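Enquirer: What follows is the residue order along each chain.
There are 2 protein chains.
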Amino acid sequence: MIQKVKASTLPGFLELLPQDQILFNEMMDTIRRNFEKHGFLPIDTPAIERTEVLLAKGGGNTEKQIYRFTKGDTDMSLRFDLTVPLARYTVEHFNELSFPFRRYHIAKVYRGEKAQKGRFREFYQCDIDTIGNEKLDITNDAEIPVVIYHTFKDLGFDEFTIRINNRRLLKGFYESLGITDSVEVLRIVDKIDKIGKENVRLELLELGLTEEQADKIVEFTLITGTSEEVFKALEDLNIENEVFNVGLTELKQVIKYIEEYDVPVENFTVDLKIARGLDYYTGTVYETSLDNYPKIGSVCSGGRYDDLASNYTDKKLPGVGISIGLSRLFYQLNEAKIIKPKRKSLIDLIVIPMDEYVEDAIKLVSKLRLGNIDCIIYTEEGKLGKKFKYADALEVPYVVVIGENEVKTEKYSLRDMQSGEQEELTVEEIIEKIK
Amino acid sequence: MIQKVKASTLPGFLELLPQDQILFNEMMDTIRRNFEKHGFLPIDTPAIERTEVLLAKGGGNTEKQIYRFTKGDTDMSLRFDLTVPLARYTVEHFNELSFPFRRYHIAKVYRGEKAQKGRFREFYQCDIDTIGNEKLDITNDAEIPVVIYHTFKDLGFDEFTIRINNRRLLKGFYESLGITDSVEVLRIVDKIDKIGKENVRLELLELGLTEEQADKIVEFTLITGTSEEVFKALEDLNIENEVFNVGLTELKQVIKYIEEYDVPVENFTVDLKIARGLDYYTGTVYETSLDNYPKIGSVCSGGRYDDLASNYTDKKLPGVGISIGLSRLFYQLNEAKIIKPKRKSLIDLIVIPMDEYVEDAIKLVSKLRLGNIDCIIYTEEGKLGKKFKYADALEVPYVVVIGENEVKTEKYSLRDMQSGEQEELTVEEIIEKIK
Chain A
402 MIQKVKASTL PGFLELLPQD QILFNEMMDT IRRNFEKHGF LPIDTPAIER TEVLLAKGGG
462 NTEKQIYRFT KGDTDMSLRF DLTVPLARYT VEHFNELSFP FRRYHIAKVY RGEKAQKGRF
522 REFYQCDIDT IGNEKLDITN DAEIPVVIYH TFKDLGFDEF TIRINNRRLL KGFYESLGIT
582 DSVEVLRIVD KIDKIGKENV RLELLELGLT EEQADKIVEF TLITGTSEEV FKALEDLNIE
642 NEVFNVGLTE LKQVIKYIEE YDVPVENFTV DLKIARGLDY YTGTVYETSL DNYPKIGSVC
702 SGGRYDDLAS NYTDKKLPGV GISIGLSRLF YQLNEAKIIK PKRKSLIDLI VIPMDEYVED
762 AIKLVSKLRL GNIDCIIYTE EGKLGKKFKY ADALEVPYVV VIGENEVKTE KYSLRDMQSG
822 EQEELTVEEI IEKIK
Chain B
402 MIQKVKASTL PGFLELLPQD QILFNEMMDT IRRNFEKHGF LPIDTPAIER TEVLLAKGGG
462 NTEKQIYRFT KGDTDMSLRF DLTVPLARYT VEHFNELSFP FRRYHIAKVY RGEKAQKGRF
522 REFYQCDIDT IGNEKLDITN DAEIPVVIYH TFKDLGFDEF TIRINNRRLL KGFYESLGIT
582 DSVEVLRIVD KIDKIGKENV RLELLELGLT EEQADKIVEF TLITGTSEEV FKALEDLNIE
642 NEVFNVGLTE LKQVIKYIEE YDVPVENFTV DLKIARGLDY YTGTVYETSL DNYPKIGSVC
702 SGGRYDDLAS NYTDKKLPGV GISIGLSRLF YQLNEAKIIK PKRKSLIDLI VIPMDEYVED
762 AIKLVSKLRL GNIDCIIYTE EGKLGKKFKY ADALEVPYVV VIGENEVKTE KYSLRDMQSG
822 EQEELTVEEI IEKIK
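Residue numbers (this note's numbering), protein chains in the order written: chain A, 402 to 836; chain B, 402 to 836.
There could be a bad hint or two in this list.
For chains that are exact copies, the list does not tell them apart, and a pair is met inside one copy or across any two.
Cross-link-like lysine to aspartate or glutamate pairs, in silico, DMTMM-like; alpha carbons within 25 Å at most [stated by the list, open to error]:
| hint | residue 1 | residue 2 |
| --- | --- | --- |
| 1 | K836 | E437 |
| 2 | K598 | D707 |
| 3 | K554 | E661 |
| 4 | K633 | D555 |
| 5 | K465 | D476 |
| 6 | K407 | E760 |
| 7 | K592 | E576 |
| 8 | K834 | E660 |
| 9 | K458 | D555 |
| 10 | K743 | D476 |
| 11 | K438 | E427 |
| 12 | K653 | D761 |
Rather than coming from a laboratory, the hints here were simulated on the basis of the structure. Please read these numbers as outputs of a predicted model, since none were measured by experiment.
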């Protein structure tokens, strides 16, 4: 006898039961529908790329976490995000694309990171980006929060906040304090919600900043209020730095356009704490938090960058985009029981034939399907109780049992599985009722 | 200056431009909708599995073509089909599933085969399977062609034929000729459409069969006619072999049920030539061909198997299913220009603001979106001609230009990009018109 192989997935890989998968797909469909109706075009790139392409930018963690292998002489890897494939795609198909190129991409990415709860080695990212050819108007920066707003509304959330900031504003402010290399400062400031202002101050001092510089940065970072109040406070700083002022102008424009797009004022805010750790971003930056679940962290982040694809081309391709880490988001929402599916079952009804009535059941199913009722028959052997249990387990809302009586009278007792109620109905009445 | 990396996909990997991707997604959505409404539940398994799991069955080509790698101490590979992951999934989650377990799975699989036109190393498979616990009723075999029928109808085809046969029938027939090992015979007979009956006869003789055996097999294989005629011819053979007769009974039942499911008689047929090369199948087998495009070959194949997961469990899990190789099908249909998208653009309209009218354009977009018109604004610098070209390239059906006049009068000239006609309309009239 052949030894059996253990049937198990690898650790760190998310796999759902069908009922959860229905819910997951519902979320993915909602996101996709919103991306599409806001004019983003679908792309789908290979999960495998040449390693040289994926690692063109280099970077320690990426290189360590990447799934890399050779086939024949080819050194290839699984993508670890959707941004690098977008850069490669945009350059490869440059002459066939129209700019601004608005694309969405919903797909799996792979990172061989240390397995931990809620972190997955394979996960879905849902990205939108708008890529310009040489230039990209600031209105595109305002479009992004509009998409975020409608997406999260449609996902069933009311209380969420899109936090918006501008990296130029920060960079210019740091420059005005005499700090020219802002990358490390940004990395520290970005953690202020997690580690607190005291620790940010300490880390800034450790970095070599003076007490005055550190205090001013912390003070600046914690400016809050309505957009108008924040803008007023920023103007009152009277900073004569061009980068700062360009950033401020951009931020004001973005906020103004968002308002004109009718995004409710309670769903977005200027938040000077948002820095986004990546040195990749150059202008507007976004994070989104669910007001009642701060522990989940940002559910949708991104920003504006000057140059998407400098590793592959001399063309300047500025862009702006965001990403939703769907697998992680789903897992957290599902664990916290925050989300419920609209439909627990994808079908409306199961027809259960008594022994010799299989053919009648098939005919009934056929008629119901013509009436747009999604239904199946259950024809396995067993007691009636077991058959009802099947319908129950799949959370199918209705069951019809068909036997001699039903075939004679052409009336069928439709059982509502939730209430347990039964009604004697004709085919047409069943169709009417379920619709 | 840093050397640029060449932006290119690996050979053998399909990647589409957005316009083609829209069409591809439309097909995938149609397939998915049909799978769902016939009661198949979604699953989504990791693309990476332990190599031991994927290669439990062994087999030369699979092992050669698989993308295999190690991370840490783990030997892992990319899945090469969706059947092995289904087997692993069903065993792993056995206690949480309800049987018959009807699942669909639409996902990418990976095979490092020799690159050739229309063959891809990464491709989508769209699978449905119904898995029984110990037993599975024959009605499930009849359900499969029903799903195939509705799927291909919805994909826009009218002239296609679902070819149905039964492996037991063939096995029993060969046994009645004194041939006990039918695997090689099946492999040869399966090629009859490709290589012709003379070559099949020759190969059977080479295999060691007698002239009489070979002639009878070829004669049997080429029996054609209506289902009734074929059944009559098979009965007239007066074969007293139990396996043959079980197969014949099954085939008759399946055909009868399909008829009762109202599948038109011109869309399915009993075809004794269908054997399916895989020794995996044990009962009903299916192939589907597009009548006007015989060169494309089978677009949807599958069958009944006795045991899904014998490599992982002692439980007997019989099943029946089919697979659509979507990437290959799409590629062939698209190359042959057989398919057209329902909507070339996912949005209805582009609003182009004259210089200072960006804010008015945003307000207009906002109103249109409230009226369920999917639209975007185009705000990049440039001449009007360039902006119209953008709308043209994206095949967006309507454009509105907004300037001083439009803002004053609140009437907008809606340009039909196909006909070139323009109409002066209010926001409400635009919404009305486009809907």
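Enquirer: Any hints this thing doesn't respect? Which numbers, in order?
Expert: Result: hints 2, 4, 6, 8, 9 and 10 break, sorted rising.
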